[in-house]
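Let the sequences and hints guide you as you build the complete structure.
For the record, the sequence lines run as chains A and B. For what it's worth, our numbering labels the leading residue of the first sequence as 107, then goes sequentially. For what it's worth, our numbering labels the leading residue of the second sequence as 13, then goes sequentially.
Hints are not guaranteed to be accurate.
[What the hints assert, rightly or not] Among the chain B residues that face chain A by a calculated CB cut under 10 Å, a handful are: (1) 78; (2) 81; (3) 114; (4) 135; (5) 137; (6) 140; (7) 144; (8) 147; (9) 148; (10) 151; (11) 162; (12) 175; (13) 179; (14) 180.
[Stated by the list, open to error] Lysine-lysine pairs mimicking DSSO-like chemistry, simulated, CA-CA at most 27 Å apart: (15) 89/B <-> 105/B; (16) 281/A <-> 264/A; (17) 281/A <-> 188/B; (18) 281/A <-> 553/A; (19) 175/B <-> 188/B; (20) 188/B <-> 264/A; (21) 264/A <-> 175/B.
Hint data in this document are derived by calculation from the structure and do not stem from the laboratory. Glycine included, C-beta positions come from ideal geometry on N, C-alpha and C.
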Amino acid sequence: MAMTDNQQTFAHDDDNVVVVIGSGAGGGTLANELAQQGIDVVVLEAGALHTTADFLADEWASFAQLAWLDTRTTSGSFRLARDFPNLPAWIVKSVGGTTVHWAGASLRFQPHEFAALTNYGEVEGANLLDWPLGYDDLAPYYARAEQRMGVTRTNGNKGLPGNNNFKVMHAGAQKMGYSCDTGHMAINSEPRDGRAACQQRGFCFQGCKMGAKWSTLYTELPEGIATGHLELRPESHVARIEHDDSGRVTAVVYYDVDGNEQRQRARLVAVAGNSIETPRLLLNSASSRFPAGLANGSGQVGRNYMRHMTGSVYATFDEPVHMYKGTTMAGIIADEARHDPSRGFVGGYEMETLALGLPFMAAFLDPGAWGSRFTGALDQYDHMAGMWLVGEDLPQEGNRITLNPEVTDRYGLPVANVHYDDHPNDVAMREHGYRQGAELYRSVGAKDIYEVPPYPSTHNLGTCRMSERPEDGVCNAYGRAHEIPNLFISDGSQFTTSAAENPTLTIVSLAIRQAEHIGQLMLRGEV
Amino acid sequence: MHSPNLSRRVFLKASGGVLAGTLAFASGPIALLAPSRSWALSLESLSSRQGEILLAITRQIFPHPDLEDAVYAMVVKSLDRKAADASLHALLKEGVGALDASAGGDWLALDDAARLEHLAPMAGGAFFETVRGDAVVSLYDNPLAYVHFGYGGAEGDGGYLSKGFNDLTWLPEPPKPQGGYLPYESAG
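Laid out in structure tokens, this is it:
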């Protein structure tokens, strides 16, 4: 029985409901938090409802099942625009959104990262800004998110056991003087919360069949539905948000599973479609009153698109590793995550083990490459260890999501164009990470080192950023649009800066905080 | 490099029943990652010789000396499926023809080094990129390749927790925190 079978339903003309667009880390969490307060919520999710039993232990087949494959276009100097011009991001179109696909790393931002402009100073070409909230504002919500998600090494949850890829990273970390452990992961190390413990399948990116990894698919969404205050509508692709003469949003227009246009009236709308679709929706909702798109008086909607500084280092050894066995992100080194400009860049980065199966290793090792260096790497696939570098990239006004008037989707709506140029700071940080990663692996006997370019983005951030002043961003410290009092941004689009850490824990924490705030506004009759 | 296993019959059989899948493929993930192609109606599929040459080309592009031709044949099978598209079929036919012409009539008659000499200048062109873009997926996304390269594939579906996820012994064992690492390891 699907979780939606006996759910409470709401009428399309019920203007008392909150409409949440997207069911991932931000939308799924927000919807449940609101439902728990007794607030009626309709969740519109573009993707289909899959269960854990549907998940596939097959990289390409799973990609076809879960990935957001609607057309997008790219521009800019980043390498993805050449290698994967129609796949700038590797995110999910399915109930649960990208929490189905994520690796589970749940790291708090560091306090200084909330005030990047203050701590890093002006950086040429960057559009740095301090967040309108600080670490201490978010700390209680981080604690609640960790509790809810069952993050390891918090709340008495044991760490996960380390796999072979972890053992290589750990041994190298010892030589480098780094600290390394199996991290803070939202993956059950023991049965917890009605969900199983991790069985070390190694298919974290393909959906966790055991349900050991936190995903809104089998936590927040069914919990919210159980309250009788949440209706989930899968395969509902939102086209635009409508507003009244006073400038308040009133309804969401979407295409249902049969492709029919529907209009759900709303008391309040929260957008959580990930940082490409969220600004696309606001831009596609332009009206005579808001000709540049909703909430875009500042012109910042779609701008400051961040995707994290990323890159990977793979190394081969005389002895076998079999890195694909076990959790994908099995070990974390945070020593380089500090802000230390003496390294030649501001901000920092994490080093996290990452393993790809053979099919994806071939696709992503060096896109476009051929010949014996490429095949020599794959010949050593089972003797290979690998890590992902993930660090702070700087917001730039020109890195942005725009509507591409030349290309439309199946509903005739302009698709998103993703423009990204690496900032020199990103390049310097990536080079540093490649060097440190290579040195780490060489210290334990690596033969060949492969510096792997960024994958299609899994961390998409910052396109509707929070700001103290309306002219600097799109929403306030609670994600409330500066221009529209009953419109909220509820995903990573809110991020003022990217910080070094994987974003999901922060997205969930912000959603919990936002839900509390919305509840208070409603009690006071302000929305 | 010429493979006696890949008879004309094998290719005819492989190209027979799979032509209908092409359009579904166009909206799939592989089409997103492969070089651009158009999707006109199919008219014909590859000849045996074209298949043999494409196999040998793939061996040059992704040289794995120990890898069976049977795995490289996965690429030919995939290209044959796509060759239901007329312009792609024409592209392949033209590319194979150009290679033969460049070699004075029979590229397959050349030795390994000479084959590469004639193929390498085509890198970056549409023909070469079509073969490479297909092969980088089809060559490595099959159970035979998994076995060859040492990838567990769907074997991991049940989990490696008790099947060697941490069986590496050639490096020092990381310390275990008090309370143990593994779910079945008790404190102390």
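Hints, one by one, checked against the model:
Interface restraint check: residue 78/B against chain A, minimum CB-CB distance 8 Å, threshold 10 Å, status holds. Residue-level restraint check for residue 81/B is violated (minimum Cβ-Cβ distance to chain A is 15 Å; threshold 10 Å). Restraint check, residue 114/B versus chain A: the minimum CB separation of about 18 Å is more than 10 Å; hint violated. Taken as an interface hint, residue 135/B checks out: its beta carbon lies about 7 Å from the nearest beta carbon of chain A, inside 10 Å.
Taking 10 Å as the C-beta cut-off, the interface hint given for residue 137/B is violated, the closest approach to chain A being about 13 Å. With a least beta-carbon distance of about 8 Å to chain A, the hint placing residue 140/B at the interface is held under the 10 Å criterion. Checking residue 144/B against chain A by beta carbon gives a least distance of about 6 Å; that is within 10 Å, so the hint holds. Given hint, residue 147/B at the interface with chain A, holds; its Cβ is 9 Å from that chain's nearest Cβ, closer than 10 Å.
This hint holds: residue 148/B has a C-beta 5 Å from the nearest C-beta of chain A, less than the 10 Å allowed. Annotation: interface hint on residue 151/B holds; nearest CB of chain A at approximately 7 Å, less than 10 Å. Contact between residue 162/B and chain A, as hinted, is supported at the beta carbon level, the nearest pair being about 3 Å apart and thus within 10 Å. Taking 10 Å as the C-beta contact cut-off toward chain A, the hint placing residue 175/B at the interface holds, the least distance being around 8 Å.
The restraint placing residue 179/B at the interface with chain A holds, with a minimum CB-CB distance near 7 Å, inside the 10 Å limit. The interface hint given for residue 180/B holds, since its Cβ lies 4 Å from the closest Cβ of chain A, which is under the 10 Å cut-off. Restraint check for residue 89/B and residue 105/B: satisfied, since their Cα atoms lie roughly 15 Å apart, inside the 27 Å limit. Proximity of residue 281/A to residue 264/A is assessed by CA-CA distance (about 26 Å); at most 27 Å being required, the pair is judged to hold.
Of the pairs offered as hints, the one joining residue 281/A and residue 188/B holds, with about 18 Å between alpha carbons and a cut-off of 27 Å not exceeded. Of the pairs offered as hints, the one joining residue 281/A and residue 553/A holds, with about 17 Å between alpha carbons and a cut-off of 27 Å not exceeded. For the given pair, residue 175/B sits about 19 Å from residue 188/B by alpha-carbon distance, which is consistent with the 27 Å threshold. Proximity of residue 188/B to residue 264/A is assessed by CA-CA distance (about 11 Å); at most 27 Å being required, the pair is judged to hold.
For the given pair, residue 264/A sits about 21 Å from residue 175/B by alpha-carbon distance, which is consistent with the 27 Å threshold.
Violated hints for the displayed structure, listed by number in ascending order: 2, 3 and 5.
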